[in-house]
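Colleague: Please assemble the complex out of the two chains, which come individually in their own frames, going by the hints.
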Amino acid sequence: MQAEQLKIPALCVVALIGASGSGKSTFARRVFKPTEVLSSDFFRGLVSDDENDQSCTKDAFDALYYVANKRLDAGKLVVIDATNVQKKAREKLLQTAGEQNCHAVAIVLDLPEELCQTRNKLRPDRNYPAHVVRSHVRELKRSLKHLRHEGFRYVYVLNSQEDADSAELVRTPLWSDKRDEAGPFDIIGDVHGCYDELCELLGRMGYSVDRDGCAAVPPGKRKAVFLGDLCDRGPENVKTLRLAMNMVEAKTALCVPGNHEVKLLRKLKGAEVSPTHGFDVNVRQMESEPPEFADRVKIFLDGLVSHYILDGGNLVVAHAGLKEKLHGRASGKVRSFCLYGETTGETDEFGLPVRFNWAEEYRGRPKVVYGHTPSMKVQTANNTHCIDTGCVFGGKLTALRYPENELVQVSAGREYYAPSKPLQGETDDRGDMLDINDVLGKLYISTRFHRGISIQEENSAAALEIMSRFSADPRWLIYLPPTMSPCEASGMEDYLEHPLEAMNYYRKRGAGAVVCEEKHMGSRAVIVLCRDDGAAKSRFGVEDGSIGLIYTRTGRHFFDAANSGKEAEILRRLCAVLEATGFWKEFGTDWVCLDAELMPWSAKAGHLLAEQYAPVGRAGLGGLGRAVSVLGQAAGIRGQEWAAGENASGQNVDLAEILGIYEQRRESVGLYVDAYRRYCWPVESVDDYRIAPFHVLATENRVWSECGHLTHLEAIERYMTGIDPIFMATEHISADLSSDAGAKEAVDWWSALTESGGEGMVVKPLDFIHRFDGGLIQPAVKCRGREYLRIIYGPEYTRPDHLKRLKKRSLAKKSRLALSEFSLGMESLERFVKRDPLYRVHECVFAVLAMESEPVDPRL
Amino acid sequence: MLLTITHTGANATDLGYLLHKNPHRPQAFELSFGKAYVFYPEKGENRCTAALLLDIDPIDLARGKAGSKNGLFDYVNDRPYVCSSFMSTAISRVYGTAMSGRCEQRPDLAGSAIELSATVAMLPCRKDASMLERVFSPLGYSVEFASGELDGLYPEWGASPYVDLTLSGTVRLKDLLLHLYVLIPVFDRQKHYWVGEDEIEKLLCHGKGWLEGHPEREFIVRGYFNRRKQYLARLALERLDDGEGGARDEMGKSGEEETDRQPSLNKRRLEAVVAALKDNGAASVIDMGCGEGNLLRLLLKERSFAKVAGTDLSLSALERAGRRIRLDRLPETLKNRVTVFQSSLTYRDGRFSGYDAAACVEVIEHIDRNRLPAFERVLFGCAKPRVIVLTTPNVEYNENYEFLGEGLLRHGDHRFEWTRGQFREWGDRTAQKHGYSVSYSDIGDADGERGAPTQMGVFVLCKQSS
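Taken in order, these protein sequences are the chains called A and W.
709 is the number that this note's numbering gives to position 709 of the first sequence; each next residue is one higher, with no gaps.
4 is the number that this note's numbering gives to position 4 of the second sequence; each next residue is one higher, with no gaps.
Just so you know, the hints here were simulated from the structure itself, not pulled from any lab data.
Hints may be right or wrong, so weigh each one.
Simulated DEER-style distance windows between Cβ atoms [stated by the list, open to error]:
#1 A:A215 <-> W:S437: 54 to 64 Å
#2 W:R351 <-> A:G452: 24 to 34 Å
#3 A:L423 <-> W:K267: 45 to 55 Å
#4 W:N46 <-> A:E657: 23 to 33 Å
#5 W:K278 <-> A:K92: 38 to 48 Å
#6 A:P34 <-> W:R351: 34 to 44 Å
We put the beta carbon where it would ideally sit given N, CA and C, even for glycine.
Excised from the complex, chain W in its bound form (with noise of 0.2 Å):
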């Protein structure tokens, strides 16, 4: 909520031609979504600071301006106090021609670096402050922060999450203010507006000269689009390099896979799953928990499989899902040999039948263990496919892992893992039971004693004896 900027040198209060607000005037200026102050707390010879306050309306947050549809924010909302997006816009709102380099009065003083430093009040700063190095170091500063506990009560509860920033170098202020305005945001993570492709744009145009070259560039970037928006970054990325070409790292990957350090696990996962229904013969296939589509893709492309669903809890997963196998441009016989609906595997579904095969791929462990008895009769139980490919994690295999802490599982609803012993003793009492045979295999580089990474069971139904 509080940017200060300090200008030290001889006739230091030309900061106020530069930013073009006169030292001796305090002021206010309306913004969309509150006020803005400009004053000077310090203003002596050789050292002066204006300081750029916001007064952000919560109320107004929390519910939308009247006559809009629906607020942002909760109330109890860090967004008042901290700096974030709303500081880079009222920077280019109030110090729009500071920004631009313009300065009729003071045109030398605004195209030379001068000795500036910014205080940047409440900078959140979640993950890694040594990064704030990282990040403004190469553009010429030198770099303070100051951060706490959270709680001074509470110190279980960690270190505050904002930190005080200090940046001081020889610089333009126009520099300075291209800097805070791109990189604020970057490190607040979240955006108060509509973030869309003109994004891009501004990016660009604001980062232009500094950015290119910038080693943490990726991260900028990246940061500069929120987790929804990284399609948007890729695209910047893309034109940042200005065909330099260079396939980067590939983004977007769910939290599981980066942690599966082997890029083509996933691959390999769906590759054996799709070999072992063809081994058997599978006629038509309903993937089961088919997440966002990456399975049906391949099983699509089978002209083997006759039928083919996916299922899966989520409905935003479908949508995607959906939109991944482009559901509603499929040629006519294409469309009618897929299904997608949503459902739940601890609940008999009559959908569930008809299918020769089923899929299930990491999707048990997303189960609590008290609802897999239901699982299994809705799966082995009522649908009753043929042949049933389940694959699930080896936990075995986490100690290669070095950066999962020890009992960590993969992924943060993962219910439970089972070690080869355990899914093999589940394998086969469910296969008795429900009358299948099973067989195991391994999918991914198996280590010596832990195994492989992924664990698969393919259970095919018992020849009735009529």
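If we strip away everything but chain A, and leave its shape as in the complex, we get (with noise of 0.2 Å):
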């Protein structure tokens, strides 16, 4: 005899039902993962340490269902090896099933009573009294011909040991499921009988129509998609459902059914159906078709699928779209969401229900596309489409191509159908509204350069503090900048950075040159700009009338509001500047992202200057001066020097000694007032700015993270700087790491630059990405002058016994930290031009924040 098949979705609930000693674990074992088989016996070992003791019983299936929704939730099949022979009990499990949108499974094993009996006495660790098994199997008898009425949508019976020892277990992919099929489709929106424009569509597509034939063949591999709402309201409404029907059965279509269509079947099924929505027309055109096509199309229609995943589960279709918990699932929630979507219960001033928008909150991973709803315009948000542009209201008929992400539209030759009410236009609800959820509690962001990185709760928690209360608006800031590392402490007596230590960073990470930028002693800035408020608004969704924004490594507002015209001033002329030089032309866009430092110090810093620095300076100054002025007066006295007597607390000082020390302290903080006032000058107008871009991080399309650092330079000075003085270019050369003439040639460059009062310079590989050993090396590394670092580290820094002291530090922390952080701006710079939802774009920038909350010492 054959071995039966069991044939089960791929994901459901599965019951085992079965008398105690009926082998349902034996069973399970045998064609079910051990993880996907949840007996409750092991669940009351579980909460009581006795897989027999049924006082525990209640607490035991608590637990069971909790793993078994976790494990439905992640879309995982379940099995529930219970005795499930009472009615009440599979209650609870098709409820489950149900609430999951999934189908439920029956499989009994009707074994006869005395082997089940016989089990159990042979099992030590089991007593149960032969009356509760006898119950268990009448029980079951009394159940089995109901169990598909109660909802189980599969039913297999095992009456003997052999066939529970020969069943094969078959997994059947949902009817939804066509992962398989890749494409490349082409997506077409609610067609309503627009029969002419469906044939434009088709046809500027390339596919070959035979408008009469009611047939088209598509080009190459394509495949076409109807979204549903092939009729009613329009004027052709078989030559559409001819046309679809024929595509589909020649396998060059898909289709899945909307709500008109369900309406369609209905009536075609006997059922009496209200002639609203020109249904009548649609009815009318039907029944002047011979009979046999009025059966072809209930067969058709009664055989679409609510939805379909595509393309390994990339693409998701359905009229109505639908929410990721849904995808992929079954039930006749899912199909009524497929068909018509949800409503929120209210109704609006036309008197028609208010449809929830569940692409508002939609943060899964594949494309929705989907139609049903009408606007003017394609409807995006999130990752979804809705490409229901109206078509037999008199708007366009849109196809979505894909994978290639373009709109192709034909308009409607006329009004054919008036709206109940008017299409949906403009909004400035553009679906793009961040969620808490996408940035509080404990983050993983995967990024495509670096590995996943987590946050921390605490670290989101403080992230939105700041976030919130002063960073620019979410849609502007595409990107953050890393913290960048100092180079290891350097072996040299009188430095604690030398460009020796940085350069050897490189090479002994297999870069063989480097490029060696000044470091200007400024403040970071970003700068978002676009050639016109047209392009801020299509691109960035900003609509205030701004053209960009500056804004500093916490993105806030580099400028207040009170200083905003002085942004935008700086944005003008940066914008007048790319547009004689011709950059957004050669670039080919009309945005561009720049990563700068924008000077004086003084500028952005005043209030540490007023409020730390200067007073530093003065306190040191008037402090040291006094010390040394009575320490003199002291050490000019002629005294008898007492010896330490008993009594004595203290030990004997020189003051000549204490004199020459006070003398060089006084000294060092001298040289600390000289050191920040070189970057401190008054700022009067625009004009006093100065902006040094070192990176052209991003423009329409492309991030430029595969060029080099010369290219950036070069790019810079030859499309940005030398025309409006407020915008400088940065210093630099390259050093050839191989030879020691290179590494001696950029220490005295260093020097130089950092004795004539630099900050100090930062080392680049040459690569804007650079690889050693398989794992992402630090992209730039500082190396700041010995002068400078008196602002860092104290004004008397260089005294011997500190400096030792000092060259203890630990990079460890700080570099982790620049290379995740710069994985993560890379990566919010690589979704925001591949036109990822703005929530993929902000949890990067947030998280940059957030690792930037890290306690790390501040000095390096």
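Modeller: Structural data, given as structure tokens:
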């Protein structure tokens, strides 16, 4: 005898039904994965240490269903291994399957009672009284014929041990699962009988269309996907249906049903259907066709599947869209969502139900393309696209080509049907609302250049406060710059940082040459600039008339509200430069994101200077000055030097020596004051600023990370500097690391730079993204000048006993943060450029801010 | 970092006996934070000066001593150069015996008032230098101080926050040291050590006999404890009053409330909000931007609000709110009524839903204008409670605050303040867009032309036609 095949959906809830001793667990072990089987005995053991303790049954099942729901949430099949012989016990199981929108399957082990009794007796750990088993069997027999009615989609009964041993389990994908079909697809919005427009649309996409024969052959391997609502309202329902059916039968198209198809099907099946919304016309057209046509349509519509999952799970199509939780599920609720969407229970001013905006909350990875809700323009939100552009109402018929993500549109010949409310036009609700769940709690972000990055809950909580209180509009924040690690402390006696260490870092990591760039002593500024406010609106969704912004490394507006005029002027002037040099044209873009340094330091750090740096200088010069004069006075007096007596508590000191030390200290503070003063100059107008861009981070369709640093600097010199004096180039040299001469040249360059007051330099590998030994390495390492470091480590850090201690510093955490933040920054740009939804860009930017709340030595 | 004490008079070098420091022997003392030197730049018959000079190790300060968890300060720090609580500690360590008034060799001298002067180099005195006079004069000193520009090259940065202070008078050395010990940190306002309740004892002990009756007693006590420890200042003042009673000014009010002159404005505002919520039959309320829980506490007292939530951006404010309403000690039934969580009003948040009403008290003026649309969508579009009670300052009223310079807002973090017209325009537009009706009212005493200090809008969701 052939072994029975037990066909079950790939995702479902399986109930094993059988008396104690019927061999359920043994059967389950043979056909299911151990992790799929949730046994009530096991959970009894978990909650009570005793698998046979019936008194804890309730708690055991609570725990069992908790786990079951977690698995089902994750799309994993669940087998419930309990006797399940009572209707009551099965109710919970069916309810769970229903709530999870998947089918329930019953596999019944209907074995002779004697067998069960014998087995139970043989098990030393189990002492079920015979009457219990007997009643199990009785209840099972009673249940058998009701199982389908109770709601089990599939019921398999195994009557003997041989059947149980030989039955084969076959997992079948759901009808909606067409992951194997990778396209390319041409997804077509609601046609509503607009046959002429449909033919034109297909023609434009290269299909060869036979208008009269209602057939179309796609070019190459393309496939059309109809999003439903083929009929009603429009002029030529029959032809439209015929074409769709022909194509689906020829396997050159897929089709999901719309609500209008369902209505038609009900009519064809003989139900009374109200002749509204253009249904009457449709019915009349149908009736003029031969009866075979109606039968064909009936069969076609009856076979339509609510939604499809395509291209390895990257694309989902459904008439009214589908929220993530319901992808690949099967239930009445799923079908209803696909056909009608969800409503909020409210009605709008036109008396129509208010639709629940599922797309605004959509956070799934697959792209969802749908129709159903007509509007003037394709509505895009969070990787969902509503492409019903109301052709039948005089709008357009739209196709979205996948994976190209291109739109093809044909305007309607006329308004075939008057809409019951005006089509939704431009709205300010762009569906890009950020949700607290996008950022709060523990975050995990995968990045393409580096590994996945985890953000701890406390860091995201801290970042939320900063982001909400101080940061610019998140739509502008497409990038935050990473922190940068200094080089290792120098072995040279007089230096804390020295270029040799920075170059060694890269030499050891396979870089043959590096670029040394002057480190401007200003404040880090990111500039996002659009060619005009139109570009700001279309690319960034910002509609307040601004063309961009300048923001700090924590995402704050560089210029506060009172100085926003200065910001606007700088942006205008940069825009003029880019216009004049042909940047926009040659880069094929109407926006750009730049990494830059904005000077003077005092412009942004004015508060810090007045509150911290200058007072320290003042206090130092004042305090040490007085100390020196008093010490000098005392040292000048010749007095008898007493030997320490017995009562003396202190140690003798040599005043001349102390005086020497304090004189040196005062000199150090003087050098410190000189150091901070170099970076301060008064700013009266925009002309007093200096802005030095050093990375062209991204333009339309491109993140410039595959271009090396020299290319960046050349592009900046060529397109941005030399015209308007506020935009300046960055001095740099490249150093060949293979020769000592190359390194020496860089050291000399650095010495000259820092001795004339420069802050220092940044050493970068030639490539923007440099890997060594399979891993990403620091994108840049800074090496600061000896005098400049007084501002960081204090006026007197050069005292030998100070320097010795300061050299003991750990860069590990700083370097780790720098790498993670760098990869997050690149990731956010990549996502923005690829037009990912706002929340996907924002989470990376937010993560950088969160990492910055991690305590790390601020001097590094 | 430097304190000099000068004694003028016959046998001036007796100062050495009083200080227990030999004028002929420069000495060094190891202290926990570095070194102290004592030496005599003058030791004439009629005039003798002792110098106490500190050498504070800035690296230990910034990094913490080897083995300790972390440091206190930045490397770029004025602490090594100024007179601060480090100096007080040094006084008690190095001149401890003198401060206790003991002197076996010259007991009479120690017990009598003599000609003394002290110079405190680089005393931080950020606010009001006139307080130097008001604090030291009543103690019998003539007061001189010199300041200067912060940085001569940048006059726009203003005056130096440090003074060289010289006090002279006929006092006992013991008293001079006690005064310096207590009062240097009062002007500096930072302490380098953890301040606990025992600091009260220390203050009362060292202030005995001169602090109780000092006219600037409150300034001194408040300054002695830093901003975070004002509750200790309150306790200390109560102890000083010693049953005299008399309620003192409330301390620890927020900056804005202090500018509100009308001390009960905040209270009246909260009462108005609660009344508006009750009038509109709110069954449950979420306080958006609950801060430290002032409104939350009132809401919990009203039994008609079956469910109350407080949410704020600031975790530290929420922590204080939790303490204020004693979240961890509430009885079970009350605890089930209240929820407190962190959120942001510019992110959609499912936790905002499910409340009949939302209160948004003095919050929107803290949101950047260009973020207001997001706020509107989160509150009016997504959370969509039936009732929204929203208050914000009326900027027209600011003219009544004399100390608010022209064009200044009431709080440093206010991004804008609206006129009544601007508030109404925003309110009407927002209500219309999201299907609310709105009514406005004043909170606080209205001034004919300028209106009331606070304005309130009550938004009620229009009934859905179903």
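Colleague: Tell me the hint numbers this structure goes against, listed in increasing order.
Modeller: none
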